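One line per chain: the protein sequences are A and B, in this order. For reference, each letter of the first sequence is one residue, going 1 to 85 in this note's numbering. For reference, each letter of the second sequence is one residue, going 86 to 502 in this note's numbering.
Hints may be right or wrong, so weigh each one.
Some chain B residues close to chain A (C-beta under 7 angstroms, calculated; not the full set) [said to hold, decoys possible]:
hint : residue
1    : Asn322
2    : Val325
3    : Ala334
4    : Val403
5    : Leu426
6    : Asp428
Listed next, the stretches of chain A that the computed footprint assigns to chain B, with coverage defined by at least 3 CB atoms under 8 angstroms from CB atoms of chain B [claimed, not checked]:
hint : region
7    : 40 to 46
8    : 67 to 73
Think of the hints as simulated: they come from the structure by calculation, not from any bench. Here the structure is a predicted model, which means the values were calculated and not measured. Glycine included, C-beta positions come from ideal geometry on N, C-alpha and C.
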Amino acid sequence: MTAEPFTPDRARDAVRTALLGIVPDAELDDVRPDENLRQALELDSMDFLAFVRRLADATGKEIDEDDYPRLETLDSCVGFLTTGN
Amino acid sequence: MPSLGADMDEGTVLEWLVAPGDVVHKGDVVAVVDTSKAAVEVECFDSGTIERLIVPVGETVPVGTPLAVIGDGRLRAGPAPEPVAEPAPVPELPRPPKVLASPPVRTYAKQAGVDLASVHGTGRGGAITRADVARALPPPHGEPEPPPAVKVSPYARRLARERHVDPATLPGPVVHARDVPATARGPVPEQPERDRGGGMREAIASLMSRSTKEIPHYYLSTTIDLHTALEWLREHNRGVSVHRRVVPAALLLKATAVAAAEVPALNGHWIEGCFHPSGTVRLGVAVSLRGGGLLVPSLEDPGASALDELMRTLTGVVTRARSGRLRSSELEPATLTVTNLGDLGVESVQGVIYPPQVALVGFGAISKRPWAVGDLLGVRPLVTATLAADHRANDGATGARFLGTLDRLLQRPEELR
């Protein structure tokens with residue numbers, strides 16, 4: 001699927017929704033935009049993969065393992081999603 | 086009422102997923118039962134037709150009490166059941182090769198007019214559950230939309246219980262901890278219900294105390310170079326959809342199961358003064374829960390399943406453990422347990438054995454560290470594998486053989502496929 005680049009707002013929503021799917025009671029407002037998501041939300045490798053899965057499904061964007069470093073923080077996720085493939 | 090753990094005396098039926106007349110097969114999830122530790126999906130041990138539900142929802146009964154009567158279907162009064170329809174031709178879906186759903190779920194979907202092909206399965210191996218079908222129901226025309234099944238986070242559930250709030254009364258569809266009113270005072274139950282967090286804490290406390298009191302632990306550790314294994318996994322995951330990717334933890338579990346089969350002296354139980362080796366490997370996997378506590382569901386012989394299959398199983402089990410809905414078969418006693426705390430960043434873990442097991446395998450974080458490669462210094466992804474073992478049942482040499490086997494297996498990842 002070739003996804004058109006997302007607006008930052010849509011991208012942020014997609015990331016938040018995906019995270020809340022994994023950690024339903026996450027206080028995302030308390031997570032700084034540049035904070036490491038795995039550490040802040042205590043995501044283990046299964047959680048992180050589930051997050052990537054949800055994000056890929058929701059956005060239609062192909063996410064390779066090589067892209068994982070770009071999904072470290074809220075800001076970098078938004079940056080990744082708003083850049084065309 | 087099945088026994089879902091050695092410390093369980095009674096259970097409460099939370100939900101029936103079948104009704105009289107439904108055809109069930111061995112392994113179908115038929116009911117949800119509450120133990121002091123978790124809600125558990127009870128799988129049917131037999132095939133047949135549900136004739137009668139004996140224990141109603143909300144009732145607590147001792148372990149061993151019959152919950153329902155399963156017959157061969159011929160005893161039912163009334164018109165003969167319709168001949169079983171050929172499985173409806175299911176339109177080919179591009180992604181999941183076939184629609185997985187148990188007969189009761191198929192019947193339910195048919196009655197509800199839901200096309201199973203359009204339903205996303207969340208059950209084992211992508212199987213469609215009754216809840217999935219319910220979610221796919223179109224809202225009835227002209228009537229207010231039924232409230233969606235309220236999803237309550239485990240932490241919120243615990244808070245709600247502590248504060249005597251019925252989570253179902255809270256605004257959905259997802260109830261978070263912050264939604265639980267802090268000062269709510271519902272009707273206080275006559276017998277204050279032991280809250281699940283407390284029940285789980287108690288169970289862990291008594292088991293771990295028993296372990297340190299009874300078991301003379303010995304500890305070994307070794308550092309394993311995962312360069313080859315991770316390169317292989319990276320190749321495996323490259324280009325496959327995110328739904329088919331395998332995490333290193335799955336590979337470590339599989340290697341552990343194979344190693345346990347090769348070193349059977351660590352795989353089994355210490356009962357009444359002697360070691361009983363187990364013919365098969367049933368691997369307990371420690372799953373830490375958000376909001377505290379842990380559950381240790383078990384996987385049947387991960388060494389015998391293909392890695393992809395094991396990954397699917399693991400995903401399902403971890404998800405179910407964290408959502409507080411394990412299946413009865415996942416609570417059968419393990420023969421060896423693995424803890425993978427490394428996933429949360431610690432370098433190594435010196436574990437406490439789950440009695441009556443005789444060993445516990447721990448994996449620390451996989452991290453890049455300096456490592457001698459031949460005569461040169463390289464930077465390699467390393468993992469510290471540890472073993473806590475029962476010195477009554479075996480000696481250090483056995484443990485060393487186990488860790489050595491683990492290392493050897495992980496150097497040949499393609500054989501763990």
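Would the stated hint for Asn322(B) survive a check requiring a Cβ distance to chain A of less than 7 angstroms? holds (5 angstroms)
Double-check Val325(B) for me: the hint is only fine if its C-beta lies closer than 7 angstroms to a C-beta in chain A. violated (10 angstroms)
Was the hint right that Asp428(B) lines chain A, CB cutoff 7 angstroms? OK, holds: Asp428(B) within 7 angstroms of chain A, min 4 angstroms.
Hey, does the Leu426(B) contact hint survive, CB to chain A under 7 angstroms? violated (9 angstroms)
With a cut-off of 7 angstroms, does the beta carbon of Ala334(B) approach a beta carbon of chain A closely enough for the hint to hold? holds (6 angstroms)
Given coverage of the region 67 to 73 of chain A by chain B, tested with a Cβ cutoff of 8 angstroms and a minimum of 3 residues: violated (count 0)
At a Cβ distance under 8 angstroms, does chain B reach at least three residues of the region 40 to 46 of chain A? holds (count 4)
Close enough to count: is the Cβ of Val403(B) nearer than 7 angstroms to one in chain A? holds (5 angstroms)
In the structure shown, a violation is registered for the earlier hints numbered 2, 5, 8, in ascending order.
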